[in-house]
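If you're matching positions, the sequence shown starts at 8 in my numbering and goes up one per residue.
Treat the hints as calculated values from the structure; they're not laboratory data.
Lysine to aspartate or glutamate pairs mimicking EDC-like chemistry, simulated, CA-CA at most 16 Å apart: (1) K116 / D169; (2) K37 / D78; (3) K97 / E63; (4) K363 / E318; (5) K278 / D55; (6) K274 / D291; (7) K116 / E134; (8) K192 / E134; (9) K172 / E129; (10) K363 / D343; (11) K122 / E171; (12) K106 / E63; (13) K97 / D114; (14) K117 / D169; (15) K328 / D343; (16) K172 / D118; (17) K192 / D140; (18) K73 / E21; (19) K117 / E93; (20) K347 / D260; (21) K106 / D78; (22) K106 / E66; (23) K278 / E292; (24) K117 / E134; (25) K37 / D194; (26) K116 / E171; (27) K35 / D140; (28) K328 / E292; (29) K37 / D74; (30) K117 / E171; (31) K274 / E292; (32) K116 / D90.
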Amino acid sequence: MNRIFIHYGTQMSEMTYALMQAANVSAKLKPSMRVVIKPNLVVSRPADDGATTHPEIIEGIIRYLKDHGIDGITIAEGAWVGDSTERAFKNCGFTTLSKTYGVQLVDTKKDRVVKKSSRGFEIGLCETVVNADYLINVPVLKGHCQTLMTCCLKNLKGCIPDGEKRRFHTLGLHQPIAALASLLKPDLHVVDGICGDLSFEEGGTPIVSNRILLGFDPVLLDSYGTQLMGYKPNEIEHLRLAKEFGVGQYATDATEISEIGADERPKIDLKRNPAARQFAQWIDEDGACSACYAALVFALNKVKPSKTIGEIKIGQGFRGKACPGIGVGNCTSGCDINVKGCPPKAVDIVELLRAK
Numbered sequence: 008m009n010r011i012f013i014h015y016g017t018q019m020s021e022m023t024y025a026l027m028q029a030a031n032v033s034a035k036l037k038p039s040m041r042v043v044i045k046p047n048l049v050v051s052r053p054a055d056d057g058a059t060t061h062p063e064i065i066e067g068i069i070r071y072l073k074d075h076g077i078d079g080i081t082i083a084e085g086a087w088v089g090d091s092t093e094r095a096f097k098n099c100g101f102t103t104l105s106k107t108y109g110v111q112l113v114d115t116k117k118d119r120v121v122k123k124s125s126r127g128f129e130i131g132l133c134e135t136v137v138n139a140d141y142l143i144n145v146p147v148l149k150g151h152c153q154t155l156m157t158c159c160l161k162n163l164k165g166c167i168p169d170g171e172k173r174r175f176h177t178l179g180l181h182q183p184i185a186a187l188a189s190l191l192k193p194d195l196h197v198v199d200g201i202c203g204d205l206s207f208e209e210g211g212t213p214i215v216s217n218r219i220l221l222g223f224d225p226v227l228l229d230s231y232g233t234q235l236m237g238y239k240p241n242e243i244e245h246l247r248l249a250k251e252f253g254v255g256q257y258a259t260d261a262t263e264i265s266e267i268g269a270d271e272r273p274k275i276d277l278k279r280n281p282a283a284r285q286f287a288q289w290i291d292e293d294g295a296c297s298a299c300y301a302a303l304v305f306a307l308n309k310v311k312p313s314k315t316i317g318e319i320k321i322g323q324g325f326r327g328k329a330c331p332g333i334g335v336g337n338c339t340s341g342c343d344i345n346v347k348g349c350p351p352k353a354v355d356i357v358e359l360l361r362a363k
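I would like the entire structure built from these sequences, with the hints used as guidance.
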């Protein structure tokens, strides 16, 4: 399905529920189904640090499922090799969530392993995930020190045991990740784009974007997210390989984007964006929304600008004004040079800055 649903805001549980309604997810659900939800709990750090899935998003999914008669709900995840999943469940708010809604927590590190083969790779998969009637993937859109970005495709790595995770790294990550994606195909992807980390999968430098994305094609979502972060899809090797393996298609200008809450995008809160401070000298901000500001910060982080570009204007305060220099977003269309978009993609900002 060549369509991406996006909701802007801060009420994450309600946003997620509304997205699932808009996408008519219930059309594929049956009360008898065993539904498995796979978040990203790579480390035992709270979601606001930019590494892990917000529990409120999972709550919205659970509420929607239960309202459509589904009680067989499991949250399955395995923290990275150096951390404890049990501790991550507790510290990230999932233990409380489990008790509140009566859903099961499964540590995939301790799960039985089922061997499957794809694209020349034999891969051990965790049984709980393999046996799911309906699998929901809930990654965080964020940077990664080895693969540049991580989202839907790479999040599936939490569905394999620790021994396989080590082997994936030995094999260079990209090919086995793409092979895994061709083997394990979630029915739904709900992307936590609230405050993903700028460049590191373990968090610490979150960039607040205040958006959640939903779709059914992981390559479509990852390629769209990649552009939001300032990369072209082919720069992400496992994404390119997954497309070649027939897992999905890249997002293009023809991709249908259905937005909810677009007219009420939250404004940027610089106190929640410590990573943005290092770029403050390049930004002239007046009433910018968080999604637009995030795109600019991602772009500046990639380009490492020089003083010759001057301050870049961004925000609703520039709407209808003629301004010298560069502006990003539709609100700054009166600038001498403007990167269009509401919000713009970081990849378009990167191209402009590199041409300066």
